[in-house]
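*Asks:* Sequence:
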Amino acid sequence: MKSINYRSAFLYALILTSMAGYGTAIAGERMELAAGGGQATGEYVDDAMITTKVKAAIVNTPKLSVFSIDVETRDGVVQLSGSVDSEEDITTATEVAQRVEGVKSVKNNLQLKNPVSK
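Counting from 1, position 81 in the sequence shown corresponds to residue 1184 in this note's numbering; the numbering is continuous, with no gaps.
Heads up, none of these hints are tricks.
Label pairs and their in silico Cβ distance ranges:
id: 1; residue 1: R1202; residue 2: D1173; range: 13 to 23 Å
id: 2; residue 1: D1149; residue 2: N1217; range: 30 to 40 Å
id: 3; residue 1: P1218; residue 2: N1108; range: 31 to 41 Å
id: 4; residue 1: F1170; residue 2: Q1201; range: 18 to 28 Å
id: 5; residue 1: P1218; residue 2: D1149; range: 34 to 44 Å
It should be emphasised that the hints constitute simulated quantities derived from the structure, not laboratory data.
For each residue, glycine too, the CB sits at the ideal point set by N, CA and C.
Could you build all of it, start to finish, from the sequences and the hints given here?
*Replies:* Okay, structure coming up:
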C-alpha cells in the first residue's frame, strides 16, 4: 500500500477545486458585467489563478498553514488575512505571496494568534 503525501494531495485538491469553481464564477461574472459592474471575466480568472498559486506557495512553506491564512485577490492585489503564530510568519507570508507571478502588491492583514501585551 502506498503512503499518501497529504501535503501534495491537499495541493492537488485545492487546484482541482479552484478549477472546478471557475465555470460557475465566470458565469456569475458575465451576469454581473451585463448588469453594468464588476471585473471582466478574464480579470476574474487571472485573480482566481493568482489566489490558487499563492495558496499553493503557502502550502509549500513548512512554517505556514493554509488553514489559518485566507487569500483573496482583486486586480492582482493579494490580501492576506487570518491568524499566525509569529511576526516572522507575517513577514514570510508576505514574501511568499510577493514571489508569485502576477501579484502586483500584497496587503497583509494577518494577526498574531496570541499577541504579547507590553
